[in-house]
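Novice: In case you want the letters, here they are:
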Amino acid sequence: MINIQDMRDTARGLLTKKEVRAVIGYRRSTNGMLAEPVVITDPAQADELIWDPTCFHNLSLYLVEDRKFLTHVRKTADAPIAIVAKGCDARSIVVLMQEHYFERKDVYIIGMSCEGSGVLDERKLAAKGIRATDAAFDGDDFVFATAQGEQRIAAREVMADRCLECREPFPKEHNAVLGENKTGRELNAPFTALHRFEELDAGARWKFWEHQFERCIRCFACRSVCPMCYCEECVVDSISFPVTGQTSAEEKANRVRWIERSATRPENMTYHMTRVLHLAGRCIDCNECERVCPVNIPLRLLNNKMEREAREEFGYEPGASIGGPSLTASFLDTDPGKFIR
Amino acid sequence: MEKILGKTKIDDWVAALSDHPQEVGRGCKAAEAATTTHWQVSAPVLEDGIWSYQSGSGSVQLEHSNTTQPPKGFSFPQREVFFSFEQIKGEPPKLTQKLPQATRHAVFGVRPCDGCGAVRMDKVFSDHVADTYYTARRSNVAYVGLACNQPQGINCFCLSVGGSPVSSDGMDVLMTDLGDRYFVAAVTDTGKALMAAGNSVFSEPTAADRKQLQQTHAEAIAQPQRAINNLDAAPAKLKASFDSPLWEELARACIGCGVCTFLCPTCHCFDINDENTSATPIKGNRVRTWDNCQFPDFTMHTSGHNPRESLGSRLRQRVSHKFQYFHENFGMPQCTGCGRCITECSVGIDIVNVVNKVAEHAG
Numbered sequence: 001m002i003n004i005q006d007m008r009d010t011a012r013g014l015l016t017k018k019e020v021r022a023v024i025g026y027r028r029s030t031n032g033m034l035a036e037p038v039v040i041t042d043p044a045q046a047d048e049l050i051w052d053p054t055c056f057h058n059l060s061l062y063l064v065e066d067r068k069f070l071t072h073v074r075k076t077a078d079a080p081i082a083i084v085a086k087g088c089d090a091r092s093i094v095v096l097m098q099e100h101y102f103e104r105k106d107v108y109i110i111g112m113s114c115e116g117s118g119v120l121d122e123r124k125l126a127a128k129g130i131r132a133t134d135a136a137f138d139g140d141d142f143v144f145a146t147a148q149g150e151q152r153i154a155a156r157e158v159m160a161d162r163c164l165e166c167r168e169p170f171p172k173e174h175n176a177v178l179g180e181n182k183t184g185r186e187l188n189a190p191f192t193a194l195h196r197f198e199e200l201d202a203g204a205r206w207k208f209w210e211h212q213f214e215r216c217i218r219c220f221a222c223r224s225v226c227p228m229c230y231c232e233e234c235v236v237d238s239i240s241f242p243v244t245g246q247t248s249a250e251e252k253a254n255r256v257r258w259i260e261r262s263a264t265r266p267e268n269m270t271y272h273m274t275r276v277l278h279l280a281g282r283c284i285d286c287n288e289c290e291r292v293c294p295v296n297i298p299l300r301l302l303n304n305k306m307e308r309e310a311r312e313e314f315g316y317e318p319g320a321s322i323g324g325p326s327l328t329a330s331f332l333d334t335d336p337g338k339f340i341r
Numbered sequence: 001m002e003k004i005l006g007k008t009k010i011d012d013w014v015a016a017l018s019d020h021p022q023e024v025g026r027g028c029k030a031a032e033a034a035t036t037t038h039w040q041v042s043a044p045v046l047e048d049g050i051w052s053y054q055s056g057s058g059s060v061q062l063e064h065s066n067t068t069q070p071p072k073g074f075s076f077p078q079r080e081v082f083f084s085f086e087q088i089k090g091e092p093p094k095l096t097q098k099l100p101q102a103t104r105h106a107v108f109g110v111r112p113c114d115g116c117g118a119v120r121m122d123k124v125f126s127d128h129v130a131d132t133y134y135t136a137r138r139s140n141v142a143y144v145g146l147a148c149n150q151p152q153g154i155n156c157f158c159l160s161v162g163g164s165p166v167s168s169d170g171m172d173v174l175m176t177d178l179g180d181r182y183f184v185a186a187v188t189d190t191g192k193a194l195m196a197a198g199n200s201v202f203s204e205p206t207a208a209d210r211k212q213l214q215q216t217h218a219e220a221i222a223q224p225q226r227a228i229n230n231l232d233a234a235p236a237k238l239k240a241s242f243d244s245p246l247w248e249e250l251a252r253a254c255i256g257c258g259v260c261t262f263l264c265p266t267c268h269c270f271d272i273n274d275e276n277t278s279a280t281p282i283k284g285n286r287v288r289t290w291d292n293c294q295f296p297d298f299t300m301h302t303s304g305h306n307p308r309e310s311l312g313s314r315l316r317q318r319v320s321h322k323f324q325y326f327h328e329n330f331g332m333p334q335c336t337g338c339g340r341c342i343t344e345c346s347v348g349i350d351i352v353n354v355v356n357k358v359a360e361h362a363g
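Top line first, the protein sequences correspond to chains A and B.
Position 190 of the first sequence, counted from 1, bears residue number 190 in the numbering used here, the numbering being contiguous throughout.
Position 70 of the second sequence, counted from 1, bears residue number 70 in the numbering used here, the numbering being contiguous throughout.
Calculated directly from the structure, the hints in this document are not laboratory data.
Values in this document were obtained by computation on a predicted structure and should not be read as measured data.
Even for Gly, the Cβ is constructed at its ideal location relative to N, Cα and C.
It is possible that some hints are incorrect.
As the list claims (entries may be wrong) - Coverage of chain A stretches by chain B, computed from C-beta distances (three or more under 8 Å per stretch; other residues unrestricted): (1) 21–31; (2) 258–270; (3) 283–292.
Pulled out of the complex, with its shape left as it was, chain A reads as follows (with noise of 0.2 Å):
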């Protein structure tokens, strides 16, 4: 079990001792139970630092968002950056890094181990009629504070499938740890949705994305939250257009355009499709995106499937090692070829 304190008193230490210039992690949010990112750089706001179920976001976005804003106010950093990092957290600062998007030395990562846990799933509370106003880790349950007072259940019942998936509830890279290593749980096997989705006929399947597109609402939520969609500028944009003053009209009404702003079915499909494809070898199931779809859109299917065709067809697993070839970058003799004819 990890103790909170563990964690503000690291931070704290961190600060005071100007070892880091800022850490970014978790406080209590406004809207009710749920944990909100937060960059600290004054040791007192330590203890504001919180580390409980609904820590759901990966915080490795605000070190893109960090090295955009050295980059874009052309300073270089004087410390590094800390960062409170889950398994999957740290799996994607390596990812960046494996990308040379920052160095190793910039970083100073928190690790936290979920242990025999993982983060909440909201939408398996609601399902359990269960409105919480605060919840807690304990062991393999969860402790949820209720108006009808306090509420245990076991973690694996409200735990986000991704968490009852992970490989690795353990932050490999980190300058410091908290929690035990309990890398090998196995609380479902890899890709158990992913498999049970998968007994549904190509044609069924089809007709599941055609409804699931047909409501994305193209707020870009997905897109927004996951930190390796860094590009300066993304094809659904219309900002990538050079335009000079000799740029005509008609090359301005003609510019490519490969995805229109309209959420149309064939539309939203092409961005998805895009997407997910950026991110073959490099999404590391933190599924962000799909929780903060305010439609529930599964996105995790898709990354999920590419993941697998990776560990599979490659035997590549995204974030396992910083100077390690990235999958679209390299080539082995072994590949299969079969898809080359």
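Fit chain B to the given chain A structure using the hints.
Specialist: For chain B alone, coordinates are given in the frame of chain A:
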């Protein structure tokens, strides 16, 4: 017109509306009325884990918490085709206006915050110039509201933005749940027509029904909600805080997605694009789609300069529009307190908190 409707009889009313030729509609032309014979009834349905307005089931069950998306799409859809175009070489361009089809929508189960949202949308799209497309749709939409006996979620704050959980603003009919029956009150002439279509499914309210209604409404208003501390002071406080460093601090976790605005009952910004469907000859549609002040390209100039590059400036825009600019233009806050932008924000950006903090900071 005030009536009582037994809960088991609501589908009979829906059936009557679906079958009943409709003669009067707000601002509709005679020609349109002649081609329109029924109300298409929509109501909240729980599907894919969310409540959304859906039509055609013939059955209406008003057991919903508020819908994830407000009903604004009935009059302001996410995509509206203005006209189609075709350019054959050597010939003048051919433009064909596409006015929305005059389908009559009776939308059931609309919550008071969203009714108030419709009032604000109507102001935006009729001020100075009436928007043809919005008007064409809006004149065919009737809202059958449902008062909130209980707050719909932990982030409701209608009372502190001049609304109420039993408000009939923007509604054509307001229903109140009295246990085994609804108290149904017509608010507009369209509402009266809707109720007249149901005719025999209703009964007259008794003195006891009216007493219960009053009590239910009083209890609803007394339910605790979240609160904006001083609404009247907000416009001036925001104005004074335009250059405040607080905005960047409050937006520090913002991811710049469109959840808060796309789910807002009063956000109405749009973009207009030409969508080509053929290159030779050039053919396509001019299309209006929702746009969003949180997106990176919303204020992007053709020069490449972006006056609202930072997330703090975008948060300031959203909040100031709701509580200052709209107030300056229309004398009321634009926000109706539905709480969607708080509940659905994945990183805890909270408009109540933001307004209170900025006001406090402004001194």
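Novice: Hint by hint, work out which the structure violates, then give me just those numbers in ascending order.
Specialist: none
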